[in-house]
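Asker: Going line by line, the protein sequences match chains A and B. Sequence positions in the first sequence follow this note's numbering and run 1 to 211. Sequence positions in the second sequence follow this note's numbering and run 1 to 211.
The hints are simulated quantities; they were obtained by calculation from the structure and are not laboratory data. Glycine included, each C-beta is placed from N, C-alpha and C at the ideal position. Please note: incorrect hints may appear among the correct ones.
[What the hints assert, rightly or not] If you anchor each label on the Cβ, the simulated ranges turn out as follows:
| no. | chain 1 | residue 1 | chain 2 | residue 2 | range |
| --- | --- | --- | --- | --- | --- |
| 1 | B | Arg33 | A | Met126 | 21 to 27 Å |
| 2 | A | Ser154 | B | Pro211 | 27 to 33 Å |
| 3 | B | Glu184 | A | Gly36 | 47 to 53 Å |
| 4 | A | Arg85 | B | Met30 | 50 to 56 Å |
| 5 | A | Ala77 | B | Arg59 | 53 to 59 Å |
| 6 | A | Lys34 | B | Arg59 | 34 to 40 Å |
| 7 | A | Glu70 | B | Glu208 | 30 to 36 Å |
| 8 | A | Arg78 | B | Met30 | 50 to 56 Å |
[What the hints assert, rightly or not] Simulated pairs of lysine to aspartate or glutamate, EDC-like, Cα-Cα distance not exceeding 16 Å:
| no. | chain 1 | residue 1 | chain 2 | residue 2 |
| --- | --- | --- | --- | --- |
| 9 | B | Lys141 | A | Glu184 |
| 10 | B | Lys67 | B | Asp104 |
| 11 | A | Lys67 | A | Glu101 |
| 12 | A | Lys141 | B | Glu184 |
| 13 | A | Lys141 | A | Glu90 |
| 14 | B | Lys34 | B | Glu8 |
2 protein chains.
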Amino acid sequence: MNRKSTKEHILDNAEKLFARNGYHSTSMRMLTRKAGVNLGAVNYHFGSKKDLIRSVIERRLIVLNKKREELLDQVLARANQSNSRPCPREVLKSFIAPTLEFRDRFPQAAEFPKLISRALTEPDDMVRNMFIEIMTPLFHKLFESLCLALPVLSRTQVYWRLHFCLGSMSHVMNVAERIRIIPEGVEMPASQSQLVEPLLNFITAGMERNP
Amino acid sequence: MNRKSTKEHILDNAEKLFARNGYHSTSMRMLTRKAGVNLGAVNYHFGSKKDLIRSVIERRLIVLNKKREELLDQVLARANQSNSRPCPREVLKSFIAPTLEFRDRFPQAAEFPKLISRALTEPDDMVRNMFIEIMTPLFHKLFESLCLALPVLSRTQVYWRLHFCLGSMSHVMNVAERIRIIPEGVEMPASQSQLVEPLLNFITAGMERNP
DNA sequence: GTCTATAGATTGATAGAC
DNA sequence: GTCTATCAATCTATAGAC
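With these hints in hand, go ahead and build the complete structure from the sequences.
Answerer: Following this line, the structure appears as structure tokens:
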């Protein structure tokens, strides 16, 4: 019955609660009640609440970033082989597709995207800084790839447009399902994966626009 | 010396703390310490913590939305007079310009934009629902104006592109100054107002893109 | 209107039995 | 590894003096 280790069981439930309610609003007792484990066990396995959320985030984010970087490297390699610039849409897609398809690919971790889409605005300094620290190398690589893909734009322009892209993506990940009031005639997607192409259409047009 | 009423003094400090740390991470004691008032006084004036943040948000957001709607009405009226469709960029600008210019216009409320940019992901249901309730009428009006401005797009397409726009804006309001690592050659704007035109360039291109 | 004092519940973390 | 029991701190909210 209990196939997963207690440690993983705690991580799974903590992931859901932190994603839904945020770090500060999730108490250790809420977690132990939901996970059906003992308060002492959490502290035995993770030491502290901060170390727990660190483990929760790293467990998924490092894997996700590996996938993103792998796809980005493929785009860069293809451009290199044909002696051309990387395609802006493909560069953006390497980051966005694995993110919005995450829930379909890992249904057991369906709440995780909410967690990272809120990580940058997390009130707790340690949580926020840990997230930034993990993301920084890939952010730089993504930024430089876009500069290469869009030589007409200044580095400052690319920088802000990249942030606009990340903001759109982040908003979709967290907000899409929280909004209850839908105007007449608007159809909701069955999953976030279906928003990859609409989002790429939108941000690629914004990225490629002449200054 | 103490020109402002105690009530306003509490609101000003609560606004800063809720914006910086979020609702749950801000305790009433943190607030009374910072504001230099008594714990009893807060409860006398506002009744509860929930009623306090409600007052904090309503005080600014209702005024801001009035300004946004006023500008939107002007855009719609101009289109009506010339028997043409409203301009997508102008419609978007009516919402975005007052938002990103808010800090320059009301320096004493400079932290408020952070608060509303996080309101949709607020863990507390009451806070989130109150925000949605206030925003709903204007959101619908904005949505219908964009449908009118972009007859080529389906209502579903307009809906999601509008969310992409709001995500970009929200990200800029909250994240811009939290990020510490800036790539070489990137210049930071002196204020958020300077991002209005770059953001409008970006999202207008995305909005107007052929399906 | 503003204060002190405190109730009553909940928090993160630990000590020690098993 | 897992449990109970408990500490010390913090939380929101209120009662009542001034």
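Asker: Decide, hint by hint, whether the structure agrees.
Answerer: Against the structure, the hints come out as follows:
For Arg33 (chain B) and Met126 (chain A), the hinted distance range of 21 to 27 Å is satisfied, since their beta carbons lie about 22 Å from each other. Distance hint check for Ser154 (chain A) and Pro211 (chain B): the Cβ-Cβ separation is about 30 Å, which falls inside the suggested range of 27 to 33 Å. Separation of Glu184 (chain B) from Gly36 (chain A) is about 51 Å and conforms to the stated range, judged on CB atoms against 47 to 53 Å. The hinted range of 50 to 56 Å is satisfied by Arg85 (chain A) and Met30 (chain B), whose Cβ atoms lie roughly 51 Å apart.
Checking the proposed 53 to 59 Å range against Ala77 (chain A) and Arg59 (chain B) shows it holds: the Cβ atoms sit about 54 Å from each other. Roughly 37 Å separates the CB atoms of Lys34 (chain A) and Arg59 (chain B), a value that falls within the hinted 34 to 40 Å. For Glu70 (chain A) paired with Glu208 (chain B), a C-beta distance near 34 Å keeps the hint of 30 to 36 Å intact. Roughly 53 Å separates the CB atoms of Arg78 (chain A) and Met30 (chain B), a value that falls within the hinted 50 to 56 Å.
Proximity of Lys141 (chain B) to Glu184 (chain A) is assessed by CA-CA distance (about 13 Å); at most 16 Å being required, the pair is judged to hold. Simply put, Lys67 (chain B) and Asp104 (chain B) have alpha-carbon atoms about 15 Å apart, close enough for the 16 Å limit, and the pair holds. Taking the CA atoms of Lys67 (chain A) and Glu101 (chain A), the gap is about 12 Å. The hint holds against a cut of 16 Å. Restraint check: the Cα-Cα separation between Lys141 (chain A) and Glu184 (chain B) comes to about 13 Å, which is no more than 16 Å; the hinted pair holds.
Of the supplied pair hints, the one linking Lys141 (chain A) and Glu90 (chain A) holds, its CA atoms being roughly 14 Å apart against a limit of 16 Å. With a C-alpha separation of about 14 Å, the suggested pairing of Lys34 (chain B) with Glu8 (chain B) holds against the 16 Å cut-off.
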